[in-house]
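Enquirer: Got chain V; can you put chain U on it based on the hints?
First to last, the sequence lines map onto chains V and U. In terms of the working numbering, the first sequence opens at residue -11 and continues consecutively. In terms of the working numbering, the second sequence opens at residue 221 and continues consecutively.
Check before you lean on any hint, since a few could be wrong.
[What the hints assert, rightly or not] Examples of chain U residues lying across from chain V (beta carbon under 7 Å, computed):
1) D276
2) Q366
3) S471
4) I473
5) D475
6) S650
7) A651
8) Q655
9) P686
Because the hints were derived from the structure by calculation, they are not lab data. Where is the CB? At the ideal position from N, CA and C, for every residue including glycine.
Spelled out from the first residue to the last, the chains are:
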Amino acid sequence: MISYIGRRILQMIPLVFGISVVLFAVIQAAPGGPEGALLESGRFIDPQVIEAYRQRLGVDQPVHIQYVRWLGAALSGDLGISFSTTRPVAEMILDRLPATVELMASAFLLAALVALGLGVFSAVRQYSLFDYLGTGFSFVGIAMPVFWFALILQLIFSVKLGWLPVSGTETVGASSLLDHLLHLILPAVVLSFRYIAGWSRYLRSSLLGVLRADYVRTARAKGLPERVVVGIHALRNALIPLISIMALNMAALFSGAVITETVFAWPGIGRMFVQAMFARDYPLLMGILMMGSIMVVVFNLVADILYGILDPRIRYE
Amino acid sequence: MGGQQDHERTRFLSLTSLALVALAGCGSEGTGGESPSTSGSEGRKILRVAYEREIDVLNAFTSQNLVDIAFSMVEGLVTANENNEYIPVLAKEIPTLENGLIVMNEDGTVDMTWHLREGVRWHDGEPLTSEDVCFTWSFVTGEGSQTYNRHEYLGIIDCFMPDDLTVVFRWDGVYGYYAGLFEAVLPEHILGGKTVDEIVNYVPYNRGPEIIGTGPFKFVEWKSGEYIRVVRNDDYWRGAEYPRIDEIVWSFIPDSNTRMNAMTGGQYHYGRLEPTQVVEVEGVEGYEIHLVSSNTFMHFDLSVNLERGRTLFSDPVVRRAIFHAIDRKAIADQLMQGTVTIADTPINPTSPYHNPNVFGLEFDPPRTRRMLDEAGWFPGPDGVREKGGERFSFVMLNRAGSADRIAIAQVIQAQLKEVGIEVTFETLESAAWTQKWRSGEWEGIVSAWFLPADPSITGLYACDGPNNMTGLCHPELDEAMERSDRTFSFAERKPLLDEAQELLALTARSLPIYYNVVPELVSTRIGNYRGSGTNFGSFWNLWEWTLR
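The shape of chain U in the complex, shown without the other chains:
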């Protein structure tokens, strides 16, 4: 009876779908395929962005979301371009040993001088000074600032202000990642005098109207659940010709299908889509699809924190054998429809620190079988390998709702079954999954890390790295990574990180699968778009965007 009902219901839905889709096909006069008009009611150039979520707060240091909206208003000493390179914004140049702005002191401390640009003003007309930069440092390093990379700022032990436009940071040693800090600067004249906790909870700055910066756009309005609106900063320091857009509206459209419909319906100029939606928007008139390689990389990890994990995965040969059984090309080409690039190392190929000579383990199931045989794991009566009475069976921790990760886990499960390894699933809702993942009490997992433009990977893979949840430890790798963090020189850092990437592959610490791709549907009316996969996102150069 139920089956009959299901059948009828399915049939009815199919027929209705067909009828509705046929009706949809009849329309020919629609706006679909045209990007929206650029002008508002007063002939202003309004950039309309279909944004994938409502952000939490606009404070770039306390937000837990991508802060690209805030970066349209708030600037820092540096930003990262589409090539994963830091470039100066409020700073005249980035300090290096070569330009003399980094001085090594005899006591092992380091003085780093940042010269600020002249003539930069906050949106309320106040001048930007070194006091703002030192204030930002004191906030970020304060207890409870919630800044995700606060620990990276803790190496700065003092901040000096020789004059209004010069800041000197004194570091307690050499930290290679220094150039990526201070992505934003906070206004001391607005937030000064408040405690760290008060700033974290200061709603007028978190949501406007007191959110001010030095950037090309000024805050106007945040309509809860709907949009954030910013307008041109007529007093922008880059000159009167910038920015070239009058207004930006970031509309929050969390559902990816709605976002796609809204884009193809011509309501927005820019929107991020899902990789699986790429085929549906190819050829839409008035738009171009850009597959922006993200600094996020998908990877498959094995943990030795639990007893079973230690039994199964402690031997690097066994880990290599497992990784040989996984067809990453099929995952990239079929699951992700060829939109992603296979990853061999955690560092994105757009970064100058990427090691192109490291290759991931190729798909070779016969080799897996051979290696497992040699390691003493032989097929048991049910086909699952055994050794000393222990079955080669482990649990994969999946995050509910992450369709891509679950699909990858299913491929891994099927392919490992072929070589005599049993994988079962434990699927948890997002927050619960995250908690268990951070605890390290799992056996196998597919997850993704988002790296900033700086290539430091120590926190991920060092034996005591705060984000090493696998329990795996290789002192040789630690040494290469730690040394790479302790130099200011690209020439010194590059070979050390090359070595670290090689060691990562050799020790089979993790199986990088692919670099995530963010498909961005961009109106052809937009000029100077340079898609970027860093934490600044593709809006990093908004000041020069144009809109026809």
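For reference, chain V alone in the conformation it holds in the complex:
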């Protein structure tokens, strides 16, 4: 197992390098440049100012030279300086990471709990009213446009009922732990909705397959209570495919949720990514995208390792 992990980590190096080349090329291939930010406001601009700006940022150089410069700095741990804010990219990402991790982790936890309940009950009571409702709920969750759902929840719980704040992470000047948790509820619910829908469907179908297996029939024949049969014997195996899906989804924990963070003015990585994209803030874009890519690669490995741990039939040489 250890040699397998070591081999996989070694394979990651050229993979991440390849990703960085592709990302850099794609970002640079997009028309327009960071000078667009100078012109966004519609004010008159001296063309010399635009040229001086491009020179200062180094974007007047050929793309391959820009890439080599970026790579050299990145290898020494320097992700560069953001074009728009003049702050170090690594510092900006670290600044936003806690908010993103907090939101995503809350949403994951909520989604895992609800999806587990929904999936198990739907499978155990297949074709019951609960199953139909759960199935319906899942389809709604998958189909619901996030921005629409978020705005409707804001309208109900914030504007009409006044129970929860509309956006942000705290009421500045009157913040407390409770205040912060209240701010967290709406974005976490919205974000979890999609995961609940997907995960509960996976779990339902996986559990249905397992419940028909011979060893489950044997367990039942031995007179074990249904709670033990489902909860101990069936669920563990049914969770295997779900856990690998969850592990892959975990990569998103660090790259944030673009729409949810924007609609709820949540200060996470996803929202910063949108700003960086519109501003053609190349160093910041590269920083965020590389972090997201590395997370995907790492969590792919985690998913594979978890497979091996959970399923005794899988052995890595």
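Expert: Just chain U, lined up with the frame of chain V:
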């Protein structure tokens, strides 16, 4: 199958919407309709602002955003009020020929004296001096300062400091826009000794904690992605009674729907909305909606930089004919729901330099047809006009995501089709659109300019104007505009700009459509709000705002 699914999905969404909206309607005890409490945990008066974006930096000269947040802390020699007039702030008065503070030298140079107010201190207690003003000039004019109007400062060839409170700028000639410069002054004792590049990248000043000014509020905190917080400057030069608010929190809420919900949910005292949201917030208790006429104006331009553009648009008669086919009133009344004012000239009616006698081309499609016939453009077999084998067809460059501009372009497309002109669209994402627009390599475009309070329009329309992207050139117009820039006298400048505005209309250089309106939802608890559409925004007089 897909259609069936779509249908079911739409039906389901509609039903869910209805159910949720019905549930929303059931709530009656909410906070909606009440503006937020003014006091914080210690009974402080906290003004809460729902701000539409996270700004880039607080340096007023290098920021590429509206710098109204910075102006709560940083002051300049002047500011602009809601009537597009410059008024002195750190200067005792604005130099004019009449008050003797402008002296014309025999060699053609001009000496302009600015007297600074006494007793003004930076937030760290250091006195404001003429050295700070000259330092600001040297920074802005330095290579790479990134100041958007740096070229306007380049006319100042020297800065003298006869004493601590007197600054004399020596200009190389007469520049009518002088009064609008130095909207901010930089602290020499903080930034002095650094190169221009170092200042541009100096994070402690760009984001705090070293951002200091002489203004009514002092920087406290910038929480990335969330808010900027400033508190009352107890040592403010206007006197102990100012400012009348203890603290301001500018929360960044980029999504306009969320901003509206947050406002109507009672979380904020002030927020800017979209014109299309006005009907939704009318009558919300505890707030007033103000339609602030902005110095931004929407316009439709035609370019002659490309071969096709030259063929189609070089003749001013043809341009006039095109403009006659566009119903600006319908755009203003229907698309923008009557919230905007039709524009006839680039200069906003709130400006004393606006020429009220210039009228845009009225909507008159029969006239368009007649004029195009006379110009030799006759309808072809497919209804599109032709001349010498050339079809009257052009491409409109659209910016993706700009719903208002695209909607206007669609109206223009439909209305021009009625008179036999074909318009196709090329839609590009914002940054790509901007690049192509600046290159001038397009045929038709709907875009917007943001003018400062100073009315100079030379850069936009002069033949070699840095912002003239149309390739159109009229020497007579150039002369009127350039002469208007070369006088200090309102009495001389006004008729020249009147003439320039008339010539702009006569030569059909561009079709002004409407003056943008910024709907500002303002809590009735706020006092002394005087909404302004200049680059200082509505916070220009924050020192006197009150909060009940």
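Enquirer: Now tell me if each hint is right for this structure.
Expert: The hints, checked one at a time:
The interface hint given for D276 (chain U) is met, as the beta carbon of that residue sits about 5 Å from the closest beta carbon of chain V, less than 7 Å. Given the 7 Å rule on beta carbons, the hint for Q366 (chain U) holds: about 6 Å separates it from the nearest Cβ of chain V. At its closest, the beta carbon of S471 (chain U) sits 6 Å from a beta carbon of chain V; the interface hint therefore holds under the 7 Å criterion. For the restraint placing I473 (chain U) at the interface with chain V, the shortest Cβ-Cβ distance is roughly 4 Å, inside the 7 Å limit, so the hint holds.
Taken as an interface hint, D475 (chain U) checks out: its beta carbon lies about 5 Å from the nearest beta carbon of chain V, inside 7 Å. Restraint check, S650 (chain U) versus chain V: the minimum CB separation of about 6 Å is within 7 Å; hint holds. The closest approach between the C-beta of A651 (chain U) and any C-beta of chain V is roughly 3 Å, which is under the 7 Å cut-off, so the hint is satisfied. Because the closest C-beta pair between Q655 (chain U) and chain V is about 5 Å apart, less than 7 Å, the hint holds.
Using the Cβ-Cβ criterion of 7 Å, the hint placing P686 (chain U) at the interface with chain V is satisfied: the shortest such distance is roughly 5 Å.
The structure agrees with every numbered hint stated previously.
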